[in-house]
Amino acid sequence: MASTKEKLITHVSKEEATGSTNKVTVVGVGMVGMAAAVSILLKGLTDELALVDVMEDKLKGEAMDLQHGSLFLKTHKIVADKDYSVTANSKVVVVTAGARQQEGESRLNLVQRNVNIFKFIIPNIIKYSPNCILLVVSNPVDILTYVAWKLSGLPRNRVIGSGTNLDSARFRQLMGEKLGIHPSSCHAWVIGEHGDSSVPVWSGVNVAGVSLQSLNPDMGTDKDKEDWKSVHKMVVDSAYEVIKLKGYTSWAIGMSVANLCESILRNLRRCHPVSALVKGMHGVNEEVFLSVPCLLGNSGLTDIVQMTLKSDEEKQLKKSAETLWAVQKELTL
Amino acid sequence: MASVMEKLITPLASGPAEPPRNKVTVVGVGQVGMACAVSILLRELADELALVDVVEDRLKGEMLDLQHGSLFLKTPKIVADKDYSVTANSRIVVVTAGVRQQEGESRLNLVQRNVNIFKHIIPQIVKYSPDCTLIVVSNPVDVLTYVTWKLSGLPKHRVIGSGTNLDSARFRHIMAEKLGIHSSSFNGYILGEHGDSSVAVWSGANVAGVSLQKLNPDIGTDKDSENWKKVHKEVVDSAYEVIKLKGYTNWAIGLSVADLTETLVKNLSRVHPVSTMVKGMYGICDEVYLSLPCVLNSSGVGSVINMTLTDDEIAQLKKSADTLWGIQTDLKDL
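Quick note, the sequences are listed as chains A and F, same order. Residues 1 to 333, numbered by the UniProt record's numbering, are exactly what the first sequence covers, in order. Residues 1 to 334, numbered by the UniProt record's numbering, are exactly what the second sequence covers, in order.
Calculated directly from the structure, the hints in this document are not laboratory data. Don't take every hint at face value.
As the list claims (entries may be wrong) - Straight-line distance between alpha carbons at most 30 Å, and here's what the computed DSSO-like set of lysine-lysine pairs gives:
1) A:Lys74 with F:Lys230
2) F:Lys279 with F:Lys229
3) F:Lys244 with A:Lys82
4) F:Lys230 with A:Lys5
These numbers come from a predicted model, not from an experiment.
With the sequences and hints as input, model every part of the structure.
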């Protein structure tokens, strides 16, 4: 007796359905991981989304909640498991796992806790997706991108840190507020270390190619009557402020991750400030990752745009590099 | 000495800023409210988003977190305040405020707790956005949509409950999985009460117009050897299951609210199963809200589709109506 399905549908294709072509895995289903997952789903970037975590109930609940929204999405396969086999053949793996900053805690304090977690996660990812692109979000992101690179054995173009993509977005939002213009028309690059010592490149701040620093040569200095320097300070303080108010940050970083995934999955070769291996650039001699403008496409971080930096900007990058290296060399990898 | 802004920009249009055309307010910045807000933002439905809540720190934190994502969005103004004046001129107001179901708690138990909250919220919303359409999400949604309608003084077509829009989405997801197709290609409605006594309209379930019930006349009954009835039970149990696993549900309801918002804001006249005032239909004599397939447009519920229901399905709707009315008559200070 034929089932309802058999009566309704006649299978005609002799081919196996091809597997996913644009699979994304998100490791860690905390607030950041889920914000990234939802942003990626709502942008319709992927045909398969995998979630991994160690907390099995929460993981299953989150996957179910997303699956229940499948009518409103264009990602037909949403899977989740503690076992990394569920992540097999991913194009991009977003790593959000790890401990988060507590109120007032600096990112560098999190390090060794998160290194130990990565020693479990990264090899498992590579085992099942040896050709993936790793996008590291967990903090301190520049150090953990280095750690992920070392643990994965992947070439440098396949390991990217979310870096100052978010800091730059925050800067552009504040700049937009000040000028009454949408952030996408306000151009500014915050580079270097994601965190307290990020570097706003004042010379590049512009609207329609008009350099704001050429209109206001004091911009970014303490002499500046309009105190644009405080815009950068607000960017540095943003994360701490949001954490103090709501306990964590999630939406902005989630959207920023989706923005990066879009460039990678759609092979856009857009330029983003993300954390890349910068040894040999801007006077940096150490094997460290810092954010610089990078072209992102389907083979990852393929090119770096060489910014013309002032000597004090380069000094700041060098100083960040030294700080990061001092921490990195103490790590047991 | 001219500022950077004055040197950079020459204003052309003077006068006050235009009011927003597609403003959406979300009341309540808990997990459901924020999921609704993010879905609405990522679907680019609003030109202004306002958030309201009583917990001020959390409210400000959520607003900042969304504002920090402005570069990636097409909603230029995101505001938040405890004071409802921030919600003025909204086209759509999504009400998610209230206490949520605890593990094992049925939706009906939440009622009086949430009515007291609504007595504060609803008049304020209407004061600042007298022409808005209200989408009520808080549970028990059918009762609270009635409460909202009474407290708002708005005509009934402007007050919608998210109702079984989500139940139907879950139903379509599960049925489609079983058939190996996308949920949007499986058509089926769950109507009536959002929750334990919702009604799966098996007669309407179809793919490409092919009625599943014609292929399997036992579908939805206990006699059915394929036990399709179990799918409806899974839908009813879904919320409890997700709550047990992660503590709450938010993504699916958020996406479903954004779907409704899209139809309203874009005046699409799409059909959605949402909670509407059903007195006078299917033999129901009381002023209750239950989910029926409604044609939604920019003025709210434009019309209701007269589904052909079996006697048994109608009896279930009436029974839900009686239960809801029983609760509503006991509510204090409406």
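Checklist entry - In ascending order, which of the hints set out earlier in this document are inconsistent with the structure? => result Hint check: nothing fails, all pass.
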